[in-house]
Amino acid sequence: MNTPIRRLAIFSMALFGVLLLNVTWIQAFQAESLRNHPFNSRQYIDVLTNPRGPILIGSEEVAYSEPVSEDSDQYQRHYPANGLYAHAVGTFPIRTEGVEKTENSLLDGSDERLAVRNFMDTITGAETQGASVELTIDPAAQQAAMDGFEALGKNGAAVALDPESGAILGLYSNPTYDPNGVSSLTETEAANTRWEELTEDERKPLLNRALQERYPPGSTFKVVTAAAALENGADPDSTMDAPASIDLGAPLPNAWNGPCNGGQPDPLAHSIEQSCNTSMANWAIELGADKMTAQADAFGFNQGEMDVPIPALGSNYPNETDRNLLGRSGIGQADVEATPLQMAMVAAGVANDGDVMKPYLVDSVKDSDLSTIEGHTPEKLSTAVSGRTADDLTDMMVLVTEGEDASGSQGAIPGMQVAGKTGTAETGSGPTHNWFISFAPADDPQVAVAVVVEHGGQSGGVLAAPIAKGIMEAVINE
Amino acid sequence: MSAASNSLALPPVKRRNAELAMTLLAIGLTLYALIETGLTRNGEMPPQLFLYGGLFGGLALLAHVFIRFFAPWSDPLLLPIATLLNGLGIAMLWRLEQGEIEGAGPMNQLILTAASMAVFAGIIFFLKEPRTLQRYPYLMALAAVVLLLLPLLPGIGMTVNGARQWVNLGFTSLQPSEFAKIALVIFLSGYMVSKRDVLSLASKQVKVGRFKILDLPRMRDMAPMAVMWGFCIIVLVILMNDLGTSLMLFGTFLAMIYVATHRSSWIVIGLAAFFGACALLYPFVHHFRVRMVTWLNAFDPEVYCTDAALANPDAFCNTAGNSQQLVRGLFAMAEGGMTGTGLGGGKPGFVFEVQNDFIFTAFGEELGLTGVMVMLLALTLLVERGMRIALASKELFIKMFASGISFLIGFQTFVVIGGVTRVIPMTGATIPFVAKGGSALLSSWVMLALLMRMSNNARKPAPQAIQDEGATQVIQR
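Protein chains in written order, with our numbering: chain A, 1319 to 1796; chain Z, 677 to 1153.
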């Protein structure tokens, strides 16, 4: 009878083994995702009684927690900059995408990397504290973006990057909203009403247009087309037919209804300077869909969603085999769609000798005793073009702001060279979207910018370039 | 058999001081749990610390002293493990009471612990030879059946949380199935020892070509299996809605018939019959289906019952039941993570009825993975020590009995904790020694007393013949 008893003993042990493995799975491996599960109401209630770490920009706290009142154990989140950083920072209690959400476990102290510190706090009886999160945003650049859009009074977004590292220096979406209005713990009724209003507002103030909206990039995409041409054997002086209009199913004219080089084939550099539609469409057709797609991919198109750590939509450059669509895609129309972040990455890639760096928003995370838990090492996303091509593109883009036929002279900054590209995108419905992408100084780029004005109805040079100029000046003048 | 069993014999050492040291550790951990709760929740030492600590510690030490006198050769690990589990259970109930969770009743649990320990002592004292239980197998069978059917009697039967497994005696309520399972193990041990040869030898071979696939028992020997199966399925599942007890009893039955016969065909037949019946019943037995759906699709919004699902009158949770308790239990455990929030630091009230079957999730939340691992390992140790007693014993009945009781403890733990942690569907059962409730606690201590007594007898050295007294020989009674 001993053999079956032994087997039964082993079987019993196996049953306990299953239980042990399962609790390990739940409490060690799955714990994080269960804690953040949408059904889990603990995360909304528990966290209100924890002092949450601050979010810093520069050395300024743009989000911090304070006790609601003396006899309450809840903490109220404050956003002293009101709407300025709303889309980057988010709200707490969490209602939107933002650093408050993506870095939640660090801010509230539940992250495993803070476990040892929390344990020590429990022993010493100190209150557990969340980590502080420092963002890469440059307050002056952000303010410049906000000022520009508020003066204009139109919807849109601006993204500024440090081309060398990928650090996000500016992330602004217009209209914005005041996070304080929706995060009050004492007047929850009013906060909920305000939230309702914001979700129903036709101008979509909650939408982070910089990351979560895709626009046809229009002529700013010609930088990508030119890059594809240069990478495939052309040089800035290579010419292409540039009549007043070409037939792509429907006629595709130039913006000024005339030819680009007096009817002569137009050199590539001049096509960019003047933003010639017909020659750039011809370039795309001549290069072919595969080369165009490869170049767009190298700048970051078609790569799907990306977390910066706030989720950013992927941008699309469909592989068009149809000649008409291919031609239009070369000037950023047809089904080409890009987020403002993506177009900023195009500018930054050219600025950084052809290397596109991975954009990031969180500079560092520090423990309550200021030891760094998480730093950021710049990471190369892709090599978009060779250094030589990048130099050629830079020269061509400088012509956009200061050439004889400059289409974006409003982006120029006195005393330095600015490389830029305008864009005026047909939308199918309503007035055009107006773009400007740029970087400066052209010989030693410190900042790359993309600005889009939704349905501005004028040229990118007129509406978007001044905002981009303001942002660039703010970064460079520091 | 003699050569083999000699190597299995447990060393004839008492190790009572080791038991004392470990029991003191278990009491210390219980006191520490109470203190930690008091400090975390109220910022002060719990005012009832001396009441609880003194009473519980005193009881455990009394049990130890009692064992020194009346079962000095018994396994020294069993009492400390039971003390630890029982103490943690009381401490957690006290903690839940501090968290204003109604119905925790730690004082009640403490009093029941005292009563259970008294019964424990009584059994050890009066039942000198557990083999005498072998004499009344059919009486035990009758007792088991009566106890199991008792809740069906109109007037005294009660339905709690859907399962009809309670009896209301006016001044208190009992869960007779907790005792029925012990009676059943006694019956099965006695019955199978006597019918062992028939059950294990008579067979019909199933062959495919030249290969023997299975060694089937004869149809006429299937009777006990058929009775057990019918009882578990018809009475427990259909009439009483007591899936946990059904699963537990049938599992124990299969384990015991396997131990008795060493034939795996019994297990194959038994499992096929049980799961076949479950599959057949699935479309017809409502509560059974609910348990399955809430287990498999626990995170489906319509099963969990989100606000959106609540608005839809056809949603599963509005027509049948929801998985909120199960899922919130998992959330509680996730909240605890590796080290837990510390006793008193969590929010166990998020799980409904956390003081009952779901008390495990409260341990998971406040003691973390580390704490529940300790608890699971303590239970594993208890079960495996029980199996060791079965191996060391010489009589067949005792072997059956000890291994049956041990497996029952282990399988019961698996059924309840597995249900709470979503390994198997939730059925409702009690964690031995930990769970709240007099019946569960008492039956745990009864099982412990039986194991202690059997281990004492297995480890006690055989009396030595007195050499110089010629023909006189001392014979062990």
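These are calculated hints, taken from the structure and not from any lab test. As the structure is a computational prediction, the values presented were derived from the model and not from experiment. The beta-carbon is built from N, C-alpha and C at its ideal position, and this holds for glycine as well. Check before you lean on any hint, since a few could be wrong.
If the Cβ cut is set under 10 angstroms, some of the chain A residues that face chain Z in the computed set are [what the hints assert, rightly or not]: (1) Val1336; (2) Leu1337; (3) Thr1342; (4) Ser1359; (5) Asn1436; (6) Leu1470; (7) Leu1503; (8) Ile1564.
Computed list of lysine to aspartate or glutamate pairs in DMTMM-like fashion (alpha-carbon distance at most 25 angstroms, straight line) [as the list claims (entries may be wrong)]: (9) A:Lys1609 - A:Glu1518; (10) A:Lys1522 - A:Glu1655; (11) A:Lys1676 - A:Asp1553; (12) Z:Lys804 - Z:Glu776; (13) A:Lys1676 - A:Asp1709; (14) A:Lys1419 - Z:Asp976; (15) Z:Lys1070 - Z:Glu1060; (16) A:Lys1609 - A:Asp1681; (17) Z:Lys1136 - Z:Glu1029; (18) A:Lys1698 - A:Glu1772; (19) Z:Lys1023 - A:Glu1430; (20) A:Lys1522 - A:Asp1429; (21) A:Lys1472 - A:Asp1389; (22) Z:Lys1023 - A:Asp1496; (23) Z:Lys1023 - A:Asp1389; (24) Z:Lys804 - Z:Glu1060; (25) Z:Lys1023 - A:Asp1439; (26) Z:Lys1023 - A:Glu1531; (27) Z:Lys1023 - A:Asp1429; (28) Z:Lys1023 - A:Asp1709; (29) Z:Lys1023 - A:Glu1384; (30) A:Lys1698 - A:Glu1722.
With the C-beta cut set under 7 angstroms, the calculated list includes, among others, these residues of chain Z facing chain A [claimed, not checked]: (31) Leu735; (32) Val1048; (33) Val1050; (34) Leu1052; (35) Val1059; (36) Gly1086.
Cross-check of the supplied hints:
Because the smallest distance between the Cβ of Val1336 (chain A) and any Cβ of chain Z comes to about 6 angstroms, under 10 angstroms, the interface hint for this residue holds. About 5 angstroms separates the beta-carbon of Leu1337 (chain A) from the nearest beta-carbon of chain Z, less than 10 angstroms, and the hint is met. A least Cβ separation of about 6 angstroms between Thr1342 (chain A) and chain Z falls short of the 10 angstroms threshold, and the interface hint therefore holds. Satisfaction of the interface hint for Ser1359 (chain A) is found here, the shortest Cβ-Cβ separation to chain Z being roughly 8 angstroms, below the 10 angstroms cut-off.
Hint status for Asn1436 (chain A): holds, given a least beta-carbon distance of 9 angstroms to chain Z, under 10 angstroms. For Leu1470 (chain A), the suggested interface contact is broken, since its CB lies about 40 angstroms from the closest CB of chain Z, more than 10 angstroms. Look at Leu1503 (chain A): its Cβ only gets to about 18 angstroms from chain Z, farther than 10 angstroms, so that hint breaks. Because the smallest distance between the Cβ of Ile1564 (chain A) and any Cβ of chain Z comes to about 52 angstroms, over 10 angstroms, the interface hint for this residue is violated.
Of the pairs offered as hints, the one joining Lys1609 (chain A) and Glu1518 (chain A) is violated, with about 43 angstroms between alpha carbons and a cut-off of 25 angstroms exceeded. Between Lys1522 (chain A) and Glu1655 (chain A) the alpha-carbon distance is near 19 angstroms, which keeps this suggested pair within the 25 angstroms criterion. Note on Lys1676 (chain A) and Asp1553 (chain A): the hinted pairing is violated, with a Cα-Cα distance of about 28 angstroms set against a maximum of 25 angstroms. Under the criterion of a C-alpha separation no larger than 25 angstroms, the hint pairing Lys804 (chain Z) with Glu776 (chain Z) is inconsistent with the structure, at around 45 angstroms.
Simply put, Lys1676 (chain A) and Asp1709 (chain A) have alpha-carbon atoms about 21 angstroms apart, close enough for the 25 angstroms limit, and the pair holds. The straight-line distance between the Cα atoms of Lys1419 (chain A) and Asp976 (chain Z) is roughly 24 angstroms, inside the 25 angstroms bound, and the hint therefore holds. The straight-line distance between the Cα atoms of Lys1070 (chain Z) and Glu1060 (chain Z) is roughly 18 angstroms, inside the 25 angstroms bound, and the hint therefore holds. For the suggested pair Lys1609 (chain A) and Asp1681 (chain A), the alpha carbons sit about 36 angstroms apart, so the restraint of at most 25 angstroms is broken.
At roughly 45 angstroms between alpha-carbon atoms, Lys1136 (chain Z) and Glu1029 (chain Z) are farther apart than 25 angstroms, so this suggested pair is violated. Straight-line distance between C-alpha atoms of Lys1698 (chain A) and Glu1772 (chain A) comes to about 31 angstroms, which puts the hinted pair past the 25 angstroms bound. Proposed proximity of Lys1023 (chain Z) and Glu1430 (chain A) is supported: the alpha carbons are some 20 angstroms apart, at most 25 angstroms. At roughly 33 angstroms between alpha-carbon atoms, Lys1522 (chain A) and Asp1429 (chain A) are farther apart than 25 angstroms, so this suggested pair is violated.
About 45 angstroms separates the Cα atoms of Lys1472 (chain A) and Asp1389 (chain A), which puts this hinted pair outside 25 angstroms; it is violated. Proximity of Lys1023 (chain Z) to Asp1496 (chain A) is assessed by CA-CA distance (about 33 angstroms); at most 25 angstroms being required, the pair is judged violated. Taking the CA atoms of Lys1023 (chain Z) and Asp1389 (chain A), the gap is about 21 angstroms. The hint holds against a cut of 25 angstroms. Of the pairs offered as hints, the one joining Lys804 (chain Z) and Glu1060 (chain Z) holds, with about 23 angstroms between alpha carbons and a cut-off of 25 angstroms not exceeded.
Of the pairs offered as hints, the one joining Lys1023 (chain Z) and Asp1439 (chain A) holds, with about 19 angstroms between alpha carbons and a cut-off of 25 angstroms not exceeded. At roughly 40 angstroms between alpha-carbon atoms, Lys1023 (chain Z) and Glu1531 (chain A) are farther apart than 25 angstroms, so this suggested pair is violated. Only pairs whose Cα atoms come within 25 angstroms are accepted, and Lys1023 (chain Z) paired with Asp1429 (chain A) is accepted, the gap being roughly 19 angstroms. At roughly 61 angstroms between alpha-carbon atoms, Lys1023 (chain Z) and Asp1709 (chain A) are farther apart than 25 angstroms, so this suggested pair is violated.
Taking the CA atoms of Lys1023 (chain Z) and Glu1384 (chain A), the gap is near 23 angstroms; set against the 25 angstroms cutoff, the hint holds. Distance hint between Lys1698 (chain A) and Glu1722 (chain A) is unfulfilled; the C-alpha atoms sit about 36 angstroms from each other, more than 25 angstroms. At its closest, the beta carbon of Leu735 (chain Z) sits 28 angstroms from a beta carbon of chain A; the interface hint therefore is violated under the 7 angstroms criterion. Evaluation of the Val1048 (chain Z) hint against chain A yields a held restraint, the C-beta minimum of about 5 angstroms falling below 7 angstroms.
Taking 7 angstroms as the C-beta contact cut-off toward chain A, the hint placing Val1050 (chain Z) at the interface is violated, the least distance being around 11 angstroms. For Leu1052 (chain Z), the shortest C-beta to C-beta distance to chain A is roughly 6 angstroms, which falls under 7 angstroms, so the interface hint holds. Because the smallest distance between the Cβ of Val1059 (chain Z) and any Cβ of chain A comes to about 5 angstroms, under 7 angstroms, the interface hint for this residue holds. Contact between Gly1086 (chain Z) and chain A, as hinted, is supported at the beta carbon level, the nearest pair being about 4 angstroms apart and thus within 7 angstroms.
Violated hints, in rising order: 6, 7, 8, 9, 11, 12, 16, 17, 18, 20, 21, 22, 26, 28, 30, 31 and 33; the structure is consistent with all others.
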